[in-house]
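J.: Chain by chain, the residues run as shown.
2 protein chains.
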Amino acid sequence: MYRKYFDPLDYNLSADFRLTKLSDLKGRGCKVPRDVLHRLLEGLQTADKNGYGDGQHHQGLMPESKPTPVVGIGLDSCVIPIRHGGLFLVQSTAFFYPLVDDPYVMGKIACANVLSDVYAMGAVEVDNMLMLLSTSNKMTEKERDIIMPLILQGFKECAEEAGTTVQGGQTVINPWLIVGGVATAVCTQNEIIIPENAIVGDVLVLTKPLGTQVAVSAHQWLENPDRWNRIKSVISEDDVRKAYQRAMNSMARLNKIGASLMHKYNAHACTDVTGFGLLGHAQNLAKHQKHDVSFVIHNLPIIAKMATISKACGNAFGLLQGTSAETSGGLLVVLPREQAAAYCKDIQAQEGYQAWIIGVVEKGGRTAKIIDKPRIIEVPAKDTEGELW
Amino acid sequence: MYRKYFDPLDYNLSADFRLTKLSDLKGRGCKVPRDVLHRLLEGLQTADKNGYGDGQHHQGLMPESKPTPVVGIGLDSCVIPIRHGGLFLVQSTAFFYPLVDDPYVMGKIACANVLSDVYAMGAVEVDNMLMLLSTSNKMTEKERDIIMPLILQGFKECAEEAGTTVQGGQTVINPWLIVGGVATAVCTQNEIIIPENAIVGDVLVLTKPLGTQVAVSAHQWLENPDRWNRIKSVISEDDVRKAYQRAMNSMARLNKIGASLMHKYNAHACTDVTGFGLLGHAQNLAKHQKHDVSFVIHNLPIIAKMATISKACGNAFGLLQGTSAETSGGLLVVLPREQAAAYCKDIQAQEGYQAWIIGVVEKGGRTAKIIDKPRIIEVPAKDTEGELW
Numbered sequence: 033m034y035r036k037y038f039d040p041l042d043y044n045l046s047a048d049f050r051l052t053k054l055s056d057l058k059g060r061g062c063k064v065p066r067d068v069l070h071r072l073l074e075g076l077q078t079a080d081k082n083g084y085g086d087g088q089h090h091q092g093l094m095p096e097s098k099p100t101p102v103v104g105i106g107l108d109s110c111v112i113p114i115r116h117g118g119l120f121l122v123q124s125t126a127f128f129y130p131l132v133d134d135p136y137v138m139g140k141i142a143c144a145n146v147l148s149d150v151y152a153m154g155a156v157e158v159d160n161m162l163m164l165l166s167t168s169n170k171m172t173e174k175e176r177d178i179i180m181p182l183i184l185q186g187f188k189e190c191a192e193e194a195g196t197t198v199q200g201g202q203t204v205i206n207p208w209l210i211v212g213g214v215a216t217a218v219c220t221q222n223e224i225i226i227p228e229n230a231i232v233g234d235v236l237v238l239t240k241p242l243g244t245q246v247a248v249s250a251h252q253w254l255e256n257p258d259r260w261n262r263i264k265s266v267i268s269e270d271d272v273r274k275a276y277q278r279a280m281n282s283m284a285r286l287n288k289i290g291a292s293l294m295h296k297y298n299a300h301a302c303t304d305v306t307g308f309g310l311l312g313h314a315q316n317l318a319k320h321q322k323h324d325v326s327f328v329i330h331n332l333p334i335i336a337k338m339a340t341i342s343k344a345c346g347n348a349f350g351l352l353q354g355t356s357a358e359t360s361g362g363l364l365v366v367l368p369r370e371q372a373a374a375y376c377k378d379i380q381a382q383e384g385y386q387a388w389i390i391g392v393v394e395k396g397g398r399t400a401k402i403i404d405k406p407r408i409i410e411v412p413a414k415d416t417e418g419e420l421w
Numbered sequence: 033m034y035r036k037y038f039d040p041l042d043y044n045l046s047a048d049f050r051l052t053k054l055s056d057l058k059g060r061g062c063k064v065p066r067d068v069l070h071r072l073l074e075g076l077q078t079a080d081k082n083g084y085g086d087g088q089h090h091q092g093l094m095p096e097s098k099p100t101p102v103v104g105i106g107l108d109s110c111v112i113p114i115r116h117g118g119l120f121l122v123q124s125t126a127f128f129y130p131l132v133d134d135p136y137v138m139g140k141i142a143c144a145n146v147l148s149d150v151y152a153m154g155a156v157e158v159d160n161m162l163m164l165l166s167t168s169n170k171m172t173e174k175e176r177d178i179i180m181p182l183i184l185q186g187f188k189e190c191a192e193e194a195g196t197t198v199q200g201g202q203t204v205i206n207p208w209l210i211v212g213g214v215a216t217a218v219c220t221q222n223e224i225i226i227p228e229n230a231i232v233g234d235v236l237v238l239t240k241p242l243g244t245q246v247a248v249s250a251h252q253w254l255e256n257p258d259r260w261n262r263i264k265s266v267i268s269e270d271d272v273r274k275a276y277q278r279a280m281n282s283m284a285r286l287n288k289i290g291a292s293l294m295h296k297y298n299a300h301a302c303t304d305v306t307g308f309g310l311l312g313h314a315q316n317l318a319k320h321q322k323h324d325v326s327f328v329i330h331n332l333p334i335i336a337k338m339a340t341i342s343k344a345c346g347n348a349f350g351l352l353q354g355t356s357a358e359t360s361g362g363l364l365v366v367l368p369r370e371q372a373a374a375y376c377k378d379i380q381a382q383e384g385y386q387a388w389i390i391g392v393v394e395k396g397g398r399t400a401k402i403i404d405k406p407r408i409i410e411v412p413a414k415d416t417e418g419e420l421w
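One line per chain: the protein sequences are V and Z, in this order.
The first sequence lines up with residues 33 to 421 when you count with this note's numbering.
The second sequence lines up with residues 33 to 421 when you count with this note's numbering.
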């Protein structure tokens, strides 16, 4: 569980080589603001002008007049009927700049995040992945020849873990290092869960803790005395390193089992939590519901001590408001109330990770909110020597 | 046919706004050197260690022991059997930096180029496209709000022309503007032409003229007196502008009809000509043949006057050597000798564009070459007032 950090010296690289320096923007910085994205994508919209997704994955519901379930721009993945055999194409693409310093783990995270969008639609058998790569023109040749194969290896091994392979892609040069990909599943209709069937009385389950961006930022601040001085009174260096490890572990973890269990426990809708944070994605999912419902979130499971950091920064991250960006976050699953506990328990049994009931589905106008004083769940509740979770 | 240039002043942008300035690298500059790519991709390879494609599209033949045609890393698109109905997934991805100044045309070119890889496998019904976009952080908000929708419009209209739609993608911010996408077709086996069946006596057909990179570069030199002075004795400004228009028109043109006619005329193999130039792609295609053949190229159809510029630059482009990069180039199709003329004639009849028999398939060791003094075919042979071709 505990993995050794990537150490540049192990590879005869300069001690101050940092993968995360191969991009000038951090966290949400690389995101196009939501309203701008909205305007940009207007040209791609179908006549019914649906909402948009998380900016990374601009897919959305198509006109309801279509006879078969079709999801276009606005949700996590598109779901498109194809010409053959009543089958559907479920696919998504995303690409990222480095947000952790370990190239192998960065490759895994990128792959897990791309797959997550397809898993959010209930599709668990991915037929193919393509990889999008860009070396950075700020890397030396030596750095490139060491770092890029590690990223590729992480991406490939994550794809294999997901039971799929990488059979194509593109590699170019860019100022910032880019890693991303495309995931494609060709599915029968019953392999897909169109995320629009939440009903009053359902509950919301989250399958990974929040706080990845806070953990990643805090870890970068260890090398930035100005920033570190602002939080060092509330957290130890060791706790930051542990939170960073937890964030990496969580981001590299596949949402495949969570997706697979959605079928067993009759999930009514799902999205994955990424760039727009828990609330942003909850709102987007709510907007696409068929019934007059709204989502109310009571609990926030957060990587241990990240809530403390967020408060010490004057809530600049928006973590407690549900707007802190996550990378490769958990599935936010809408489940029948009587199935939710069993769903969480099954994930725990199969993967050894907790999942949490975090909210309820009420009657409402297709919106989502977090209650005024949500309960913060520290994850894990207690440190166990030598173990991450 | 003749389209008005994009003029920044028409959109109240600064007169010196140039889309092509939103990347510091031109032409092949953004390509990872072939040997480096080779090393990088080793980690993705299957056991049989096949060759690699054009660097943009690193797909290739899988082990022959597989019962069904499977193409992985090394050719233009991957071809992968899926779980359902004996169907195959054919897909490709590519992304580009601006190489022309007209944003609408740039969107079309990117789309046409992405589709071209799928067409090269004979697949003509594309089920879905995803779009990869990055705004440039060097653009003002105003530039972004004007330019990006034009790029999107071009991409979308090209996809519609191809009979498909854009149902997803990602948009981020990057130092250089990026536009690209993913094309996916789910096909029956007889919709695909696995490009490995060239036999001695076949001929090679090319469906678009060469010289796009030379035309694009020469056009940029109009604003660079140092460079312009080097070629102005051999070409007029007007001829450069016309060649640029021809290059844009050619790059934005779909290879769909050429692909469709491959079935009618029993093509034995095909690739599309992009980053590694005519010879690079011919060599890659030759390497993947089942029989002991080699490709010998006798004729080079080139956008009018671009051969002259290339010579005036001391062949720096490698145009006459077949190594000049092309963007969204033509299909290089291997056809039975008795079918080739009819194939070219049919393209002319359906599209109004010429195609050319440029070489022959001989007995050999799976290589390709251009003869010592190839015949240069100026395209078009004569200028017609008010017409491009």
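Simulated from the structure, these hints should not be mistaken for laboratory data.
Treat the hints with caution; some may be incorrect.
20 Å max Cα-Cα, derived DMTMM-like pairs, lysine to aspartate or glutamate [what the hints assert, rightly or not]:
1) Lys-174(V) <-> Asp-324(Z)
2) Lys-170(V) <-> Asp-67(V)
3) Lys-274(Z) <-> Glu-173(Z)
4) Lys-188(V) <-> Asp-177(V)
5) Lys-288(V) <-> Glu-189(V)
6) Lys-401(Z) <-> Asp-324(Z)
7) Lys-274(V) <-> Asp-67(V)
8) Lys-188(V) <-> Asp-67(V)
9) Lys-174(Z) <-> Glu-189(V)
10) Lys-170(Z) <-> Asp-177(V)
11) Lys-170(V) <-> Asp-56(Z)
12) Lys-53(Z) <-> Asp-42(Z)
Taking beta-carbon pairs under 7 Å as the criterion, some of the chain V residues facing chain Z (in silico) [to be verified]:
13) Leu-69
14) Gly-104
15) Ile-114
16) Pro-207
17) Ile-289
18) Val-392
19) Gly-397
The beta-carbon is built from N, C-alpha and C at its ideal position, and this holds for glycine as well.
J.: Hint by hint, note whether the structure agrees.
T.: Here's how the hints hold up against the structure:
1. A C-alpha spacing of about 39 Å is found between Lys-174(V) and Asp-324(Z), which places the hinted pair above 20 Å, so the restraint is violated.
2. For the given pair, Lys-170(V) sits about 32 Å from Asp-67(V) by alpha-carbon distance, which is inconsistent with the 20 Å threshold.
3. Pair hint Lys-274(Z) plus Glu-173(Z) does not hold up; C-alpha atoms about 32 Å apart against a cutoff of 20 Å.
4. At most 20 Å may separate the alpha-carbon atoms for a hinted pair to count; Lys-188(V) and Asp-177(V) meet this at roughly 17 Å.
5. Between the alpha carbons of Lys-288(V) and Glu-189(V) the distance comes to roughly 15 Å, so the proposed pair stays at or under 20 Å and holds.
6. Taken as a hint, the Lys-401(Z) and Asp-324(Z) pair is honoured in the structure, with Cα atoms around 15 Å apart against an allowance of 20 Å.
7. Taking the CA atoms of Lys-274(V) and Asp-67(V), the gap is about 36 Å. The hint is violated against a cut of 20 Å.
8. Between Lys-188(V) and Asp-67(V), the direct Cα distance comes to roughly 35 Å. Violation of the 20 Å bound is thereby established for this hinted pair.
9. The hinted pair formed by Lys-174(Z) and Glu-189(V) fails the criterion: a straight-line CA distance of about 42 Å is larger than 20 Å.
10. For a cut-off of 20 Å, the pair hint linking Lys-170(Z) to Asp-177(V) is broken: about 29 Å separates their Cα positions.
11. With a CA separation close to 13 Å, the supplied pair Lys-170(V) and Asp-56(Z) stays within the 20 Å bound.
12. With a CA separation close to 19 Å, the supplied pair Lys-53(Z) and Asp-42(Z) stays within the 20 Å bound.
13. For Leu-69(V), the interface hint holds, since its Cβ comes within 7 Å of a Cβ in chain Z; the closest pair sits about 6 Å apart.
14. Because the smallest distance between the Cβ of Gly-104(V) and any Cβ of chain Z comes to about 5 Å, under 7 Å, the interface hint for this residue holds.
15. The closest approach between the C-beta of Ile-114(V) and any C-beta of chain Z is roughly 5 Å, which is under the 7 Å cut-off, so the hint is satisfied.
16. The criterion of a C-beta within 7 Å of any C-beta in chain Z is met by Pro-207(V), whose closest approach is roughly 4 Å, and the hint holds.
17. Taking 7 Å as the C-beta contact cut-off toward chain Z, the hint placing Ile-289(V) at the interface is violated, the least distance being around 19 Å.
18. A least Cβ separation of about 30 Å between Val-392(V) and chain Z goes past the 7 Å threshold, and the interface hint is therefore violated.
19. A distance limit of 7 Å between C-beta atoms decides the matter here; for Gly-397(V) the minimum to chain Z is near 27 Å, and the interface restraint is violated.
When the structure is compared with the earlier hints, violations turn up for hints 1, 2, 3, 7, 8, 9, 10, 17, 18 and 19 and for no others.
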